[in-house]
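S.K.: Position in the sequence shown (from 1) plus 1239 gives the number in the numbering used here.
These aren't lab readings, by the way, just hints derived from the structure by calculation.
Note that the Cβ used here is the ideal one computed from N, Cα and C, for glycine as well.
Hints may be right or wrong, so weigh each one.
What the hints assert, rightly or not - Ranges between beta-carbon positions, derived for each pair:
1) 1241 to 1268: 46 to 56 Å
2) 1271 to 1302: 40 to 50 Å
3) 1241 to 1269: 50 to 60 Å
4) 1315 to 1287: 47 to 57 Å
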Amino acid sequence: MKRVALTGLLVLCVTFSGCAEDENDDAGLANPASVFCEENGGTLEMRTNTSGTGGFCIFDDGSECEEWAYFRGECGPGEN
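With the hints as extra help, turn the sequences into a complete structure.
M.R.: Set out below in structure tokens:
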């Protein structure tokens, strides 16, 4: 009887340990520069070139900034 109970307990432990959630808190975090662009009325546009992919914040007046430059205050609407 003890053997059956221990085997059952072992099976339950193995089963439930396989159901544990992955605790990756970084997944799904937004890029702060992208969020800043959109929260301030810009439209985010991703562009790919030979250097890779980068985000650009496009403003209503047609001007644009690289998203991180805008986030750092290095450019803004109407400047480019």
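S.K.: Run every hint past the structure and note whether it holds.
M.R.: Checked hints:
1. In this structure the supplied range 46 to 56 Å holds for residue 1241 paired with residue 1268, their Cβ-Cβ distance being about 49 Å.
2. Checked against the hint of 40 to 50 Å, the pair residue 1271 and residue 1302 fails, with Cβ atoms roughly 21 Å apart.
3. Residue 1241 and residue 1269 have their C-beta atoms about 54 Å apart, which keeps the hinted 50 to 60 Å range intact.
4. At about 24 Å, the beta-carbon gap between residue 1315 and residue 1287 misses the expected band of 47 to 57 Å.
Comparing the model with each numbered hint stated earlier shows that hints 2 and 4 do not hold.
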